[in-house]
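Engineer: Those protein sequence lines, which keep their order, are chains X and S. So for the first sequence, this note's numbering puts the first residue at 20; every next one is plus one. So for the second sequence, this note's numbering puts the first residue at 24; every next one is plus one.
Calculated from the structure, these hints are not laboratory results. Misleading hints may appear alongside valid ones.
Stated by the list, open to error - Footprint (simulated), chain X over chain S, 3 or more residues, beta carbon under 8 angstroms:
| id | stretch |
| --- | --- |
| 1 | 68-81 |
| 2 | 90-101 |
| 3 | 104-115 |
| 4 | 141-150 |
As the list claims (entries may be wrong) - Pairwise CB distance ranges, derived in the manner of DEER restraints:
| id | chain 1 | residue 1 | chain 2 | residue 2 | range |
| --- | --- | --- | --- | --- | --- |
| 5 | X | P39 | S | L28 | 23 to 29 angstroms |
| 6 | S | F117 | X | R28 | 17 to 23 angstroms |
| 7 | X | E27 | S | K153 | 36 to 42 angstroms |
| 8 | S | N123 | X | Q125 | 36 to 42 angstroms |
| 9 | S | N162 | X | P39 | 45 to 51 angstroms |
| 10 | S | G116 | X | E90 | 23 to 29 angstroms |
Since we're looking at a predicted model, the values are computed, not measured. Yeah, the Cβ is synthetic: ideal placement off N, Cα and C, and Gly gets one too.
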Amino acid sequence: MTVKNIAERLSLRALSMPDPEREATCGYAGDLLSWVMGRAAEGSVWATVMTNVNVIAVAALADTAAVVICEDSAVPDDVISVAKEKGINLFSSELPIYEFCVALSQVIK
Amino acid sequence: MSEPLQFVFDVSGENFTSAGEASVTVKKNLRMLGFAPDIIRRVAIAMYEGEINMVIHAGGGVATVTVFPDRIEMVLDDRGPGIADIELAMREGFSTAPDNIRNLGFGAGMGLPNMKRNTDSMKIESELGKGTKITMTVNT
């Protein structure tokens, strides 16, 4: 399913969506950036509450389809600018990570 | 006879938030050169971990990436404090990173193990008070 469709189905707020047609194939959850970078699959939707700018670098390097910042964790403006600049799809959701993942599993099977 | 393609980056030790610039650039370049996504991902991850390490521990350094016909080689060279016990540093979960770095989601003792896991060879040369040089290769 495309990132844009997932965003619509799960009522995500788009902070940066330079690649709406990107195909997302699975999900990944985690806040330890080194751990995520080594393990999140390419094309995954990555759910986290971390919001520093390194999140964008990790998403770019691991080639995730989208990053979803959960529980309305506040995302600084400069992080959003970097996401746009680097072509990273970045969303926010009010759902806690667990509930977001449960919802995600209903739309990408 | 052509020279191997080489990219050299000065990794600034000043700014933790700009760490990753070199890795992202390498990733872009390798993609343009047509390498397989899995190879690019492994190089990018190993390089980013190395870059982060140089910023956290060594006040920056120089990263050199060379594209050989059969492999990609990354050399990370710094003038930092050196690694006292390499075997211990290689252990997953061991870290000497300060709290402010841990708060950013790093410093979990995953860096060196991640670098090893993503490369086909990794050599660490380190001298206390002089610096550390890490050479990694990914076979293509």
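Engineer: Per the hint of 23 to 29 angstroms, is the separation of the Cβ atoms of G116 of chain S and E90 of chain X within bounds?
Structural biologist: 27 angstroms, holds
Engineer: Please test the hint of 45 to 51 angstroms on the beta carbon pair from N162 of chain S and P39 of chain X.
Structural biologist: 36 angstroms, violated
Engineer: Measuring from beta carbon to beta carbon, are E27 of chain X and K153 of chain S in 36 to 42 angstroms?
Structural biologist: 56 angstroms, violated
Engineer: Quick check: does the Cβ-Cβ distance between N123 of chain S and Q125 of chain X fall within 36 to 42 angstroms?
Structural biologist: 38 angstroms, holds
Engineer: Check, residue by residue, whether the stretch 104-115 of chain S contains three or more positions whose beta-carbon lies closer than 8 angstroms to a beta-carbon of chain X, and give the verdict.
Structural biologist: n = 0 at 8 angstroms, threshold three: violated.
Engineer: Given the range 23 to 29 angstroms, decide if the beta-carbon distance of P39 of chain X to L28 of chain S lies inside it.
Structural biologist: 34 angstroms, violated
Engineer: If you look at each residue in the stretch 141-150 of chain S, do at least three have a Cβ nearer than 8 angstroms to any Cβ of chain X?
Structural biologist: violated (count 1)
Engineer: Are there three or more residues in the stretch 90-101 of chain S whose C-beta lies within less than 8 angstroms of some C-beta in chain X?
Structural biologist: As far as the stretch 90-101 of chain S goes, the hint is violated, because 0 residues have Cβ atoms under 8 angstroms from chain X.
Engineer: Given the hint of 17 to 23 angstroms, is the C-beta distance from F117 of chain S to R28 of chain X inside that range or not?
Structural biologist: 42 angstroms, violated
Engineer: Check whether three or more residues of the stretch 68-81 of chain S sit with their beta carbon closer than 8 angstroms to a beta carbon of chain X.
Structural biologist: Our answer is that it holds, as 4 residues pass the Cβ test (under 8 angstroms) against chain X, meeting three.
Figure legend: structure checked against the earlier numbered hints; hints not met, in rising order: 2, 3, 4, 5, 6, 7, 9.
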